[in-house]
Amino acid sequence: MIKSPICEMLKIDYPIFQGGMAWIADGRLAAAVSNGGGLGIISAMNAGGDYLKRQIEIARSLTDRPFGVNIMLMSPHVDEVAEIVAEERVPVVTTGAGSPIKYMERWLEAGITVIPVVASVAMAKRAERSGAAAVIAEGEESGGHIGELTTMALVPQVCDAVDIPVIAAGGIADGRGVAACFMLGAVGVQLGTRFLLAKECPVHPNYKEMVLKATDISTVVTGRRFGGHTCRSIKNDFTRNFLKEEYAPDATPEKIEELGVGALRLAALEGDKKNGCFLAGQIAGLVNKEQPAAEIIREIFEEAEALLKGASLWVK
Amino acid sequence: MVLEKVRELIAEKINCEPGSITEETKFADLGIDSLDVTELVMSIEDEFNIELEINESMVTVADLIKAVESKTAKG
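In order, the protein sequence lines correspond to chains A and B. Start counting the first sequence at 4; every next residue gets the next number (our numbering). Start counting the second sequence at -13; every next residue gets the next number (our numbering).
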């Protein structure tokens, strides 16, 4: 059995979080992951407060275990959803796409364990200083909004820089990835792409099919030119058109931002393979079957445990 | 004085000539993204022994200097 300080801190059986994937990670998926012994996470995404309240209610009706909410700090409704998680006393809040410092005082006062996603050492240090209980160090292998460092380079440097627990994310989909991240100093992992193929994941079947079909080189990063919305997704007409526009001589940050509007919803809810933006990590090529969330978690940790037990193989 | 130090720290960080940085220079024009700004602010905090907030209105070198001066004036 693999136990780490993060299990004790969050009262979870396995040190694994399910990523807060916008338009996808709802109350049902979060509850399924939490019931499987991990930390399920609802994405508050760009939606308003009513959506989040409803998802929290659904999760609470399906599980007695702790779960979290991911707050996307660029959301136009961020103030509203930040207040709702405090009112609802959600046990854990993870944050993405920015610095959560503005909301820290309110959340800590509400007894929330705050775990920001960070993409650099400086971000991790600032999170620690502002009262974060742990950080998720996310490498650019991840799907969705990303930084520039790889998980391999980022995780050990963040582990050296802070005294709070570090959760690794980006490029992990099986027990090998988990074992490697523990060797880098992480005490937990966050997975998104693998949970897209959880039976309980409500995403459109076409999305699941895109991930199942993906190979090692199927994803591409858009939005690097102007920064701000750097995103990894599966190559399709949407990404090809985006990149063409992004690198056109007359491109402007405003024009480029317009291009992405609505594309996540098209992918996740409508399964529009042509115009949708199918966020997925580089590890998508390793994800090749649909399974219940609890089975995914069990399988990953059985493998990680066997690997870590056998790690002395190389020590002569 | 603050300008000189901030210039020096930026130049040191991105390997350029301090003389090429003015108050009007935008971080984006120096290829400095939000992750770089976070790191830069950390080193400025250490240098001046202050704590700064980072927000989206920090676009130019002058914005950063203003933030530093508001803190050092208080201290």
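Incorrect hints may appear among the rest.
In silico contact screen, one side only, chain B against chain A (beta carbon under 10 Å); selected entries [said to hold, decoys possible]: (1) Glu(-10); (2) Glu25; (3) Glu42.
Since the hints were derived computationally from the structure, they do not count as laboratory data. For clarity, every value in this text was computed on a predicted model and none was experimentally measured. Don't be surprised by glycine CBs; every beta carbon is placed ideally from N, CA and C.
Of all the hints given earlier, name the ones this structure violates by number, lowest first.
-> 1
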